[in-house]
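Enquirer: As you go down the protein sequences, you meet chains A and B in turn.
Going left to right, the first sequence walks through residues 1046 to 1359 as this note's numbering numbers them.
Going left to right, the second sequence walks through residues 4 to 434 as this note's numbering numbers them.
Be a bit skeptical, because a hint or two may be false.
[Stated by the list, open to error] Just a few of them, taken from the derived set where beta-carbon distance is under 8 Å, the chain B residues facing chain A:
(1) Val-92
(2) Glu-105
(3) Gln-113
(4) Ile-129
(5) Arg-134
(6) Glu-257
[Unchecked claim] Computed footprint of chain B on chain A, listed as stretches where at least three residues anywhere in the stretch have a Cβ under 8 Å from a Cβ of chain B:
(7) 1060 to 1073
(8) 1106 to 1118
(9) 1273 to 1282
These aren't lab readings, by the way, just hints derived from the structure by calculation.
In this text, all values refer to a predicted model and were calculated from it rather than measured experimentally.
Note that CB positions come from ideal geometry on N, CA and C, so glycine has one too.
Read off the chains here:
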Amino acid sequence: MSDGRKVLLLHGGLLAGLFALHFVLPAYHHGNLARIMVLASYAVGYNVLFGYTGLLSLGHALFFAAGMYGMALPLHHLGLPAGWALLTGLGAGAGLAALLALLALRTTGVAFLIVTLMFAQAGHLTILYFGEVTRGDEGFVIDAAQRVLWGIDLSAPDARYLAALALFAASLLACLALVRAPFGKTLIAVRENEERVRMLGYDTHLHKWGAMVISGALSAAAGAAYGLLFGYAGATFGSVQYSILPLLWVLLGGAGTVIGPFIGTLFMFYLIDLSSDLTTAYMLVAGVALIALTLFAPQGLAGEVRRRLWRWLP
Amino acid sequence: MTRIDDRPATTTRRGALRTLAGAAAGAASLPLWARYTHAQSAEPIRIGFQVHRTGIGAAYGRWYDRTTQAAARLINEAGGINGRPVEIVAEDDGTDPKRGAEVVEKFATQHGCDIAFGTLFSHVVIGSAPRAGELKLPYFVVSEGHHVASGMLNRYTIQPGITDVKSQVQAMAPFVTETLGKKVTLVFPDYAYGHDHRDFFSAAVEAQGGEVLAKLAIPPAETSFTKYFPKIPRETEVLYHVMVGPGVLTFVKELGEFFGGRGPELFGFIDSLEAVAIDSPGLEFLEGSHFWEGMPRYAQPDQSEYDAFYRQQVGVDDTGASVSDPTDISTYGHMFGCWETLYVVKAAMEASGYAGPENRPAMIEAVEAMTEMPHSRQHPQGPKIFNGKTHQVFGRQHISQVRDGRLVKVHTTSIEDTFYPDEVDYTTRPF
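Isolated chain A, as found in the complex (with noise of 0.2 Å):
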């Protein structure tokens, strides 16, 4: 089988299970699965600039909390329909993410990471200072009667489940294809070394300011469903633990994956739900399994695998 077949039959195969496990899985677990699919399109978003392009950035709060908000004011204030709130939410993360490309990739490094974390920081205390607004830190209900799209019912867990596998598929093939794609290999060549392509004659900043925008549209699409799908708003989602999560899922997962934000991101999840039944310490136990699995898997769980079975992962 050619690798490209395996690779298809991989991702094809992942998202027909999660489908097929709509059917199967207990309440719980099919609620647990819709929430890990939505915040895995948000981890997707964070790898296609970590992963892929190498730029570790600390602000991706800012992103999903811009998809959140550009989804829910209107949506709240203005009574705008579904559909185009999720338009909105998508544009002001996109257009956000453009602009701030502009400024922080004049930086690299830990400059960089310094950059982005201040942006998400300034963004996250306009969210409160706007307080009147965005009901601040407390956050508001999105209303159940608001959450229809096309005639469904996204507060149905069915309907809510569907989406964010919708949501989640889009995302994966969105970075299944760019990774594939001239452009997308020329973003993982950035990362190996910048220098190199420059000097092969690719605008590397560009590129860079390319990944930034995809990587922030997809993070604010993930941020519009969270929105949408669970019925609140807040300004917890803008804050710097919502930068660290993503860059941990993807760690755990396999940085530079395609699978690997999903894989990290329903592992850290049952970590965490798992462990909280045992021990009041759970977060303890949460630091010693990512210890643990960066002493003995480094480069993640898929990463993992990519490294000692399947060399074709993409």
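Could you slot chain B onto chain A? The hints should help.
Expert: Chain B only, in chain A's frame:
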């Protein structure tokens, strides 16, 4: 460059067996997941307790837990609810709205809880309530937020054990303007909690013929407050402050240093100093100042037998500290809400003949039908009136003054002082 590994990709027999064993273990655990789907009538009544064990609400969570366990033990000793024992299923929400919503889902679909209960922080309540409504899980919050009575939430979310911030704040205004002074300056954190105080208190003070001279919003990330104090108008008679979080000790200390004991009267909410000893170093400046208290932390000379009983059962001494550790100060002004809420749940389940999840709407209707809750062991904070339309309870509020490093109650409002016009009628919404 990425290191190219040129070892052949092989699967060993041992590796394959390990994978198979893992898969088998996973498959074997499947029935466990599905086991707790329906509570049988002989089983205990499961109350999902959404507790802030970690995160910013941890100090409150610790005491909410102790109060809840004490009330559940008493209810069980007295025969449980409808002859069934009560089981508290606690889950940490990390004081985070995302995890809060997940925990509510876990109560409903994995633990098979009959209700969820006990959330304090407003953002966790608002983040979790939509899921509780969708899962049709009665959700009893102990948050004192105005979110329930404002109409923002849903028919399944009820706050019957603690009063809301709007009623508390407005009940303070008559005392402040009549006793402390009519010219008020507000200092509040610049986010939703502070904005509630700013809006509700300004309106209430003006309704009393007082005047709000300035409203000073402090940005959330602020660590030093000295630069804001010169903005306090000189003619200010009362400084109303509601700072919360770790900065509160610095705030009070710097305020004291700025005024040097010659400043305006201070009025604050005990929320800032819950779980903090009032005689802590740096808080000397609070001597003589006034605080709102939901329930007086120090046992007062006119202490009711219900307060004494509640204190003893929860394990709190006469100064509001744990009987086993005098440095462990309780969140006495709020935690009674858990106790009272559990007794409301018991009363509602008994009135509606609750047998299982199919009776949840009847149980909600039973709570909505409640009105007066007399001062009793079940309601040790004081008598209350429940408004079934707004799903919110109303009760007396207390004002205490710091004297010799103790909180001494100086005023108690009437229940009527806390009323305001209804903003919602949840009873008209479908289940």
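Enquirer: All hints are to be evaluated individually against the structure, with a verdict given for each.
Expert: Evaluation of the provided hints:
1. Val-92: B:Val-92 check fails; min Cβ-Cβ to chain A is 10 Å, beyond 8 Å.
2. Glu-105: holds, 7 Å
3. Gln-113: Because about 4 Å separates B:Gln-113 from the closest Cβ in chain A, which is inside the 8 Å limit, the hint holds.
4. Ile-129: holds, 6 Å
5. Arg-134: With a minimum Cβ separation of about 7 Å from chain A (threshold 8 Å), the hint on B:Arg-134 holds.
6. Glu-257: This hint is violated: B:Glu-257 lies away from chain A, its Cβ roughly 22 Å from the closest one there, beyond 8 Å.
7. 1060 to 1073: It holds, with 3 qualifying residues against the three required.
8. 1106 to 1118: violated (count 0)
9. 1273 to 1282: It holds, with 7 qualifying residues against the three required.
Violation of the numbered hints given earlier is confined to hints 1, 6, 8; the remaining hints are satisfied by the structure.
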